[in-house]
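Participant: Protein chains in written order, with the numbering used here: chain V, 1 to 68; chain D, 101 to 168; chain F, 201 to 268; chain H, 301 to 368; chain C, 401 to 468; chain W, 501 to 568.
Distance windows between CB atoms, simulated: (1) ALA453(C) to ASP30(V): 45 to 51 Å; (2) ARG246(F) to ASP130(D): 23 to 29 Å; (3) MET401(C) to GLU250(F): 34 to 40 Å; (4) GLU550(W) to ASN268(F): 31 to 37 Å; (5) THR12(V) to GLU467(C): 28 to 34 Å; (6) GLY431(C) to GLU517(W): 21 to 27 Å; (7) ASN568(W) to ALA310(H): 18 to 24 Å; (8) GLU450(C) to MET1(V): 40 to 46 Å; (9) GLY431(C) to GLU250(F): 46 to 52 Å; (10) ASN68(V) to ASP445(C): 31 to 37 Å; (11) ALA310(H) to ALA153(D): 44 to 50 Å; (12) GLU517(W) to THR112(D): 38 to 44 Å; (13) GLU528(W) to GLU454(C): 18 to 24 Å; (14) GLY31(V) to ARG246(F): 21 to 27 Å.
To list a few chain H residues with every Cβ distance to chain V over 12 Å, as calculated: (15) MET301; (16) GLY331; (17) ALA353.
Treat the hints as calculated values from the structure; they're not laboratory data.
Built from N, CA and C at the ideal position, the CB exists for glycine as well.
Number of protein chains: 6
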Amino acid sequence: MALSARNRLAGTIRSVETDGLMAEVEIELDGGQVVTAVITAGSVDRLGVEEGAELDAVIKATEVMVEN
Amino acid sequence: MALSARNRLAGTIRSVETDGLMAEVEIELDGGQVVTAVITAGSVDRLGVEEGAELDAVIKATEVMVEN
Amino acid sequence: MALSARNRLAGTIRSVETDGLMAEVEIELDGGQVVTAVITAGSVDRLGVEEGAELDAVIKATEVMVEN
Amino acid sequence: MALSARNRLAGTIRSVETDGLMAEVEIELDGGQVVTAVITAGSVDRLGVEEGAELDAVIKATEVMVEN
Amino acid sequence: MALSARNRLAGTIRSVETDGLMAEVEIELDGGQVVTAVITAGSVDRLGVEEGAELDAVIKATEVMVEN
Amino acid sequence: MALSARNRLAGTIRSVETDGLMAEVEIELDGGQVVTAVITAGSVDRLGVEEGAELDAVIKATEVMVEN
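Input sequences plus hints: build the corresponding full structure.
Facilitator: So, in structure tokens, the structure goes:
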């Protein structure tokens, strides 16, 4: 299975915080930078997202801005 | 000036391709992973985005998914 | 591999139109409704998206609105 | 009134869950597939979204990915 | 019909530029600020978007950032 | 520093409501229209967003729809 989203950044989960319907997941990328994802608490449960696990942050290219 | 978007990933522009109204920018992150941004050609001109320049990829946390 | 995006709608590609960097893909869902996706031409090539193929439309829940 | 968003999928609300500022709405599409929307609790109140009602899920084409 | 998107900003179309699949629409808001929308060329045709017409810019609240 | 996001609308914060991980910020634009942003509570804290302060609502052009 291949997804059209162009961005897939490998990392390790540094923290997961769930509150009500939403969850905030911090991912430390290989290379040391950190990405924060806001997803549903339902997806955290379904995927079994937990601290220390390896996963990818996935982002559609049209959602990325640049700043210089 | 501070922006609410939680994700700011430092990198270097590897390529810029413009076609009509849209542009595709590839950014090599410090650490080696690559992020692709689709922005308007107007923003490429306004910011002077060009190969080899350092810049940040900026992403709102609600736009980030995870996959395991 | 499991993706946090909550929405995955199975369908068949009805048309693919590519112009420059972008592509428009029409997917007829099982059940008959139609979903249009705007993705990069690069992803169309990489995934080998073509008319008549079966695939899923994938959408993050925070991107869905409702109207009544 | 016509909205530029290309995707409008007719369905029936299967569940509405509200917690604090956010709400999760499950819509069963005509055809049987299910779409989950995360919207504000304020919009749930304003629109009177409730189980069993018919409504449309609305999605901008640039937010749709494909997977094969 | 009511849409869950929280933001609806009334304005007048200042320019429409179409290229291939995509279009860029500049809207001068009542009050003088300008909003740029990137939508599909298909939606420009379907809605009959043209310079000088009055319309609303519509934005889901989860897509808005703030900067101070 | 310049950001690729095309839309920057100047205004004043009318209200900030935080609940758990998320926050809803209402911004009265110069000109009188109102924009609602849903951002993380973490960003509200980091930026020191509070009622009465001046700030900009920032929106990527691909996130803006039009309705006529």
